[in-house]
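**Student:** We have chain L already, so just place chains U, F, Z and Y on it with the hints.
Chain by chain, the residues:
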Amino acid sequence: MIIPEPFRLLTSLLAVAGFIGANAAYLVWVERKAAAWFQRRAGPTEVGWGGLLQPLADAIKLMSKQIIVPPGTDRLLFCLAPVLIMVPAAMCFAVLPFSAALVPRDINVSLLMVFAFGSLNVIAVMLAGWSSRNKYAIISAARVVSQNVAYEIPMLLVVITVLMVSRTMNLTEIVAKQAGGFWHWNVFNLAANPLMPVTFVIFFICMLAETNRAPFDMAEAESELVAGVFTEYAGMGFGVFFMAEYANIVAGCAMATILFLGGWHSPIGLWPGVWWFLLKMYFLIFTVIWVRWTFPRTQFYGLLNLSWKILIPLSLFTLVLTSGLLKIFGR
Amino acid sequence: MSAFPAADRLVAGIFLLFVATTVAGSVLAVFTTRIIRSVCGLALASIGLAGLYYFLHSPFLALMEILIYIGAVCVTIIFAVMLAEPDEPRPDKPTGRSILWWLGAIVVSGAIFWSVARLGLMGNWPTPAIDRKDGSVHDIGVALLTTYSLAFEVISLVLMVAILGAVAIARSGRHHE
Amino acid sequence: MLKVLDTSHSTGPQETFVLNLGPQHPATHGVLRVKLTMDGEFITNAEIVCGYIHREHEKMGENRKWDQFLPNTSRIDYLSAMMYTHAYVAVVEKAAGIQVPRRAEYVRVLTSEMNRITSHLLWWGAFLIDLGGLTPMLYAFDDREMVLDLLEALTGARLTFCYYRFGGLCDDVTDDFLTGTRKFVKHFRPRLKIFRRLVTDNIIVRKRLEDLGHVPAEMCRKYGATGPMIRGAGVAYDVRRAEPYSVYPELEFDIPTQPAGDNMARYLVRMAEMEQSLRIIEQTLDKMPDGPFMAKVPRILRPPAGDYVFAVESARGRFEVRVVSSGKEIPHRVRLRSPCFCNLSVFEEACRGMLLADALALMGSIDLVIPDIDR
Amino acid sequence: MKAPFNEVISGFVSLLTGMGITLGQLFRPIVTVQYPHQTLTMPKRFRGHILLKKEPTTGKSTCVACDLCVKACPSDCILVEGEKKPGEKRKSVTLFELDYTKCSLCGACVEVCPVDALEYSRAYNLASTSKQEYKVMDLVKRLEDSKHP
Amino acid sequence: MNLLHLQERPAVYLVVAASMLALGVYGMIRRRTLIGMLIAGEIIFSAAMLNLMAVNRFFVSDPSVGQIFVLFIMGLAAAEVAIALSIIIAVYRNYRSIASAELSELSG
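Chains as they are written, first to last, in my numbering: chain L, 1 to 331; chain U, 1 to 177; chain F, 1 to 375; chain Z, 1 to 149; chain Y, 1 to 108.
With the rest of the complex left out, here is chain L (with noise of 0.2 Å):
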């Protein structure tokens, strides 16, 4: 079936952001009855059926305050740092491949590009913690900086074992190597790489760390530097910051589905659809609440030596081991 291209690009634009802002207005809902259900309460139930309407009246809430843009702040910055966390994540589920069909847009490196723009991130949340002047922001901005910049490392190199293993930087073509079976997704390409699930928990543990989710919530670290870097935002300044971190949950949990647990395919190499990608990443999506509600927040250099003393040691090493592999076994 040949879509005209305008048509194409327009729905897949659409698509995209109606995605990333359902997800990220019902995430809120699915984290808080989850908290909710872990910690033995009922959550929200108030607006519609089972709190469902609650997104829609948060946002409402949001929107209604007033923005205050503290004086001392540089203005510029501290107005264009919720714009900036919000294109980056939207940006990477521009080449994410959905299932084989529903790609909104298949290039040749797509790979590259989920990190060239997942490393924008970082930028924005920095700004905002600089340009609010506060102690607290600063302290949490610097933090979430070198938190950034340490766990970008064992994450790409996890990432190159998988590149090596599957010979591509196209989404889709990574995904279509997994076909097949649980059996030959990466997680379990044991014959390429023992250590493959190390990688994947490495990958996950990356994950955490780079979407700033707890037990590495540096950049808001509640109980130690009031809100961290959004200690000066209100309203919907704020609100944007919440979306972009669930829109980054997605983009990530589907990245970890697309590299390690076989997109779209299904795990018995039957029926393979978009339905299993979301079955995967929601699954994700749910561990990743999970350990949220479970874990505390681990201290800042606990975290840095996570990274450069287990993760990235590890990380280095199962690389080597893949390629000793490789070059051993050849394909």
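Note that these hints are calculated values from the structure, not bench results.
Some hints could be false.
Cβ-Cβ distance ranges computed for the label pairs, FRET-style [to be verified]:
#1 L:W271 <-> F:R189: 44 to 54 Å
#2 L:I67 <-> Z:E144: 52 to 62 Å
#3 U:T33 <-> L:A25: 37 to 47 Å
#4 F:D172 <-> Z:R28: 17 to 27 Å
#5 L:A25 <-> Z:S121: 43 to 53 Å
#6 Z:D76 <-> L:L56: 36 to 46 Å
Here are a few chain Z residues that sit away from chain L, every Cβ distance over 10 Å (derived from the structure) [as the list claims (entries may be wrong)]:
#7 S10
#8 V13
#9 R142
Note that the Cβ used here is the ideal one computed from N, Cα and C, for glycine as well.
**Tutor:** Using the frame of chain L, we list chains U, F, Z and Y on its own:
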């Protein structure tokens, strides 16, 4: 692309947008007094540059530009800004000397711009190839590890030395331990 | 080259800044203000500014009749209301020479220990929130509510119990209460195991607590820090054993101590204390004598002139009430020695050189109740 | 070399254990009370604000306006006035005002009452738009308005 | 001048690169802090890269050569930034300032 209405106009518009972004970013980076905005200018220029690379048939480099320049260089600079002073000292009253400096800078950069741009516009270039294939990532990889393997090794050595040097210099001033 | 750049003798201005923690900060659990002088994320100096909710409890005691001060006692440290009331009631009984019936003493110990469990549970939840873990608090509150329900049915209030009277209790314990308490003890032991597996064994928690926030026994003595602070530094000092009161000498329990003196030591001491409290509760339930719950007490109390002191072990340490009677209806002087004030004063010295996040973990492990600091 | 490796493994296992526990709690019923829809019944001994008891036979208070509760109150929040009606042996209460904004719910007044005229209310979710309503709570009027015997 | 096919004219890229170079040089002269000068230096690097890429695209037969060179420049730029910043921080620790005018100890 042919099915797209007014495709070439759209493309030209996007191209001009990228050119404007690049130049505006550079201007911001150079002229603003706040260093943090200056870094933002550099980031902006990098985004524009990435777009220009895309138009120069090299999406790979475009993405690498974003990854390295914004993801690494800008972040590192901002980090250093946080450790050191945030702002430049406000310029004092213009003295004769500073005006002289300013005039000198204007003249030098103006001369450079004029001569290089003139060279670019009037230079005796061969006829440009209009529709050429892009160098694929595969080609780049092969060339890196065959023809340019020495340069590749030297670069990795330079990076290694840079890391070690940076660590050594930065560590020597630490007085907590 | 490297030598030139050595900055150990740098002459430039020190790069420190002042971080104002509080009076409204999520980590200070109330209106406490700490002025931190920071070098980056390291604390070079801390200055505690308290007094934001000073209510002059001591002065109130000197303006009221002896028994009119009773409601105040449960509002000084609202988390160990029973124990604070116990201290005041006991010092007045000592002054007036009132003999308390044994049943009342057993009930006092029983309810005090239940109160200790609620206090430690709340500390546990709040401490985990300080560390960034939000879920354990709800689990702790689940169990805490059970105890509070029992105590509410017994005393009529959930927090400010005001259950003890000079010479006994305001009302007898009910059978429902006793069976309910037995049920709770049975329920709570496995819960403590779950807490251990969920939190105590957790690697993140261990990394955040172990070997951080050292408060050695020396420092505790210097500032008069007591309770889990000093027991976490390896000193088995517990007023229940050091200056036995009520029926504690008849009961078997251990004083948990940890030698390390770090955050984890204090954490473990409190967790072990909850188990010891369960032991005490079981014993008091078994040994509960029959008899009156109230002694004969004159309607208007005029204790003979003198200076009386009585101390109890509250959930946070030694709580001491000193009253000076001039033989009148109204005390001449009421002096309250609250454990939190002394425990907090350790913070300024202990947090020097620590990272902000670790210092807040230290503050959490001290277990502050701000009204108790300010009184 | 072995120790840090073991720490990583045991640490990871401890994380999984924690996640197992929270997952177990996820499937258990909720324990909170959905407040406006569900309310609690207070236990018998619950100490709310005080009320004048209604004597079943006369439908009036037994209070004799002896002022003992006024003297017992640590916070000075009770005001009682009574008058001796002709033909009665004791005084009867005409005004019993409670300043609930000052009351600390200690129950001293209830305990001291010689004729057992006071009781605790079971109301715990009091709310009002005006402070005056709690500044002066006229208990005699409440007694007359109350429906229950 | 036809605006529609500007992206296929090498001169456009060369002029943009020239302007970036000039701006970078101006910044190098005018900026009074080390970090500001470093940023100006990065602009100059970018100008060089753009120039290389433009020439590579329009006048060179093997399309991967220019890309490889630009990659090398990026690597060098990253290394340069790392070293320069660590020196700047070390200098800052010593002098509590990164204004270039104040670092006159070596000027005698």
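**Student:** Run the structure past the numbered hints and jot down the numbers of the failing ones, going up.
**Tutor:** 4 and 6
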